[in-house]
Amino acid sequence: MTLALELPADHSQSHYGFPTENADFVQFCDRNIPDSDPYDIFGFHWNIESHLRRKEIAGILADLSELTKRKPGRTGPNDDGPRKSIEMTSFKTSLRSSASESGGEIDRMLKNETSLLNLFSALQKLLGSSTLDGAIANPAVRYDHNVAQEVLPKRDLHDKQVSEVAKALLVQLDA
Amino acid sequence: MRYKAPLNNVINRELRAYQRLLQVIRESVVELLVTIDGAYPRPTPSEDALWIRIAENQIPDAWRRVSFQTAHESLADYLVELGLKLEFWKTLVASEAKQMPSYWLPAFFDPKSFLTSLMQTRSRLEEVPLKDLRNEYEILEVYQADTTPTEKHVRHLHGLYLEGADWDPGRKQVVEMASTRRFCPFPGLRVRTRRCEDRAAAATPQEQLANYNVNRSKVRKKKRPAAGGEAGAADDATGAEAVNPVHQHRCPVYKTTSRLSTGLVAADNAPVEYLKLDTLELPSKWVKRAVALVLEPPRTEGT
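Going down the list, the sequences are from chains A and B. Under the working numbering, the first residue of the first sequence carries the number 1, and numbering increases by one thereafter. Under the working numbering, the first residue of the second sequence carries the number 1, and numbering increases by one thereafter.
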């Protein structure tokens, strides 16, 4: 029994594996037990439940600890910052909350078709529905005509427009 | 490059820094163009790719590494800031390096060098040691001077914000905030490079701080005589300064609101300069509240 090797998980046999005699049981659980328990495993319910609760509590505590840390550029401990805030990721929405003193300057920049702000703002709008859209998790979906028949022509058009705006940006940067 | 024009040297260095930043921005746009056009070989996609950062409204790390110091997180705010700074430099270059009516201090990567170069200019022209010169700041009544100073060794500056207190332009004093905002625009400055004949006037910042602490302990706020109603109002009308002596708050000027945050080079966060601002309150009140002038307030924190 002392020399027995670790037994891997076998769901058909209703177990998540067996550790060796001197193994660290907590580490073994971390490695083998999934975050959610889709199987009805006999005999391990208590351990699995307590392990999952422990992970959940640790996660909540980590989130709480994160809330107390102020990061540069963020407005307060409860603010997720622009990265997580959906409304703050839009250039124009983000600028609407800007200082009133610079409101006139921002309007002027947005009206000027060749300003960097205006060109980057146009890029953001187009990239959201181009092949470089970050929301497409599976790269194969980008070009699969069977998957997105309605979206592909729009993506194709926006790709061309992104290319044109990027070229206009290069002209401005070289000027 | 003329030896007797150190300001040109500073301007050239600033322009080179902006050129480098624009080059990095250009490289990331080229990477986007190559990727979207399907050219071969395609660059390896990374988390710092421009299209990912644009979607998140975040400044790419590659830009930050060569950028002016900024507390902005959002790319939109950064582009506004960059656009304004580039406009300033275009105006400066278009004026063929003639003296500007007013210099926008936040446009400089290194504003401290600019202020030192003002002293260097006089030092080299009159062949006096730099330690015998100092910049004296006078607070203007306008936010941005529109006329070029006619006097020698005088420049106008603008673009400062006062954090944590309000500025009373009439009395030219730091006062308590009247509103809930955190920053208030600060008037322009007139910088005069002066010769200081005695060593005491040319004290080092450490010596100045020591003198300041000694002087401060001697100044005590006089108690207002207990006079109610109209008599008290009459006192106010005759001038509060007669009752309350005017103190000076040695106010630091920081580049951004990040101030002394970790993770950046300490020298970058050190105060650019200290300005002596008049106040009726004890300076310790403003020190405790960390009142300071900043060159770049955040755009999204209710300025």
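Please keep in mind that the hints were generated in silico from the structure rather than gathered at the bench. Built from N, CA and C at the ideal position, the CB exists for glycine as well. A hint or two may mislead.
[As the list claims (entries may be wrong)] Result set (DSS-like, lysine-lysine): computed pairs, CA atoms no more than 25 Å apart in a straight line: (1) A:111 to A:92; (2) B:98 to A:111; (3) A:167 to B:98; (4) B:85 to B:98; (5) A:167 to A:125; (6) B:172 to B:288; (7) A:154 to A:167; (8) A:111 to A:167; (9) A:92 to A:160; (10) B:85 to A:92; (11) B:85 to A:111; (12) B:112 to B:98; (13) B:288 to A:167.
[Claimed, not checked] Derived CB-CB ranges, DEER-like: (14) A:133 to B:24: 22 to 30 Å; (15) A:156 to B:289: 56 to 64 Å; (16) B:287 to A:54: 45 to 53 Å; (17) A:151 to B:287: 53 to 61 Å; (18) B:39 to A:173: 17 to 25 Å; (19) B:180 to A:9: 52 to 60 Å; (20) B:290 to A:35: 22 to 30 Å; (21) A:65 to B:151: 30 to 38 Å; (22) A:154 to B:46: 21 to 29 Å.
Structure-based check of each hint:
Restraint check: the Cα-Cα separation between residue 111 of chain A and residue 92 of chain A comes to about 12 Å, which is no more than 25 Å; the hinted pair holds. For a cut-off of 25 Å, the pair hint linking residue 98 of chain B to residue 111 of chain A is broken: about 30 Å separates their Cα positions. For the given pair, residue 167 of chain A sits about 34 Å from residue 98 of chain B by alpha-carbon distance, which is inconsistent with the 25 Å threshold. Of the supplied pair hints, the one linking residue 85 of chain B and residue 98 of chain B holds, its CA atoms being roughly 18 Å apart against a limit of 25 Å.
The suggested pairing of residue 167 of chain A with residue 125 of chain A holds, with an alpha-carbon distance near 16 Å, which does not exceed 25 Å. Under the criterion of a C-alpha separation no larger than 25 Å, the hint pairing residue 172 of chain B with residue 288 of chain B is consistent with the structure, at around 21 Å. Under the criterion of a C-alpha separation no larger than 25 Å, the hint pairing residue 154 of chain A with residue 167 of chain A is consistent with the structure, at around 20 Å. Taking the CA atoms of residue 111 of chain A and residue 167 of chain A, the gap is near 19 Å; set against the 25 Å cutoff, the hint holds.
Of the pairs offered as hints, the one joining residue 92 of chain A and residue 160 of chain A holds, with about 23 Å between alpha carbons and a cut-off of 25 Å not exceeded. In summary, the hint linking residue 85 of chain B to residue 92 of chain A is supported, as the alpha carbons are separated by about 20 Å, within the 25 Å threshold. At roughly 18 Å between alpha-carbon atoms, residue 85 of chain B and residue 111 of chain A fall within 25 Å of each other, so this suggested pair holds. Taking the CA atoms of residue 112 of chain B and residue 98 of chain B, the gap is about 21 Å. The hint holds against a cut of 25 Å.
Between residue 288 of chain B and residue 167 of chain A the CA atoms are separated by roughly 52 Å; this puts the pair beyond 25 Å, and the hint is violated. Between residue 133 of chain A and residue 24 of chain B the beta carbons are some 25 Å apart, a value that agrees with the proposed interval 22 to 30 Å. Between residue 156 of chain A and residue 289 of chain B the C-beta distance comes to about 57 Å, which sits within the given range of 56 to 64 Å. About 47 Å separates the C-beta atoms of residue 287 of chain B and residue 54 of chain A, a value consistent with the hinted range of 45 to 53 Å.
The given range of 53 to 61 Å is respected by residue 151 of chain A and residue 287 of chain B, whose C-beta atoms sit roughly 59 Å from each other. At roughly 19 Å, the beta-carbon separation of residue 39 of chain B and residue 173 of chain A lies within the given 17 to 25 Å, and the hint holds. Remark: the range hint 52 to 60 Å for residue 180 of chain B to residue 9 of chain A is upheld by a beta-carbon distance near 59 Å. The supplied range of 22 to 30 Å is broken by residue 290 of chain B and residue 35 of chain A, whose beta-carbon atoms lie about 44 Å from each other.
In this structure, residue 65 of chain A and residue 151 of chain B break the distance hint of 30 to 38 Å, their C-beta atoms being roughly 57 Å apart. Taking the beta carbon of each, residue 154 of chain A and residue 46 of chain B are about 27 Å apart, inside 21 to 29 Å as hinted.
Checked against the numbered hints listed earlier, the structure breaks hints 2, 3, 13, 20 and 21; every other hint is satisfied.
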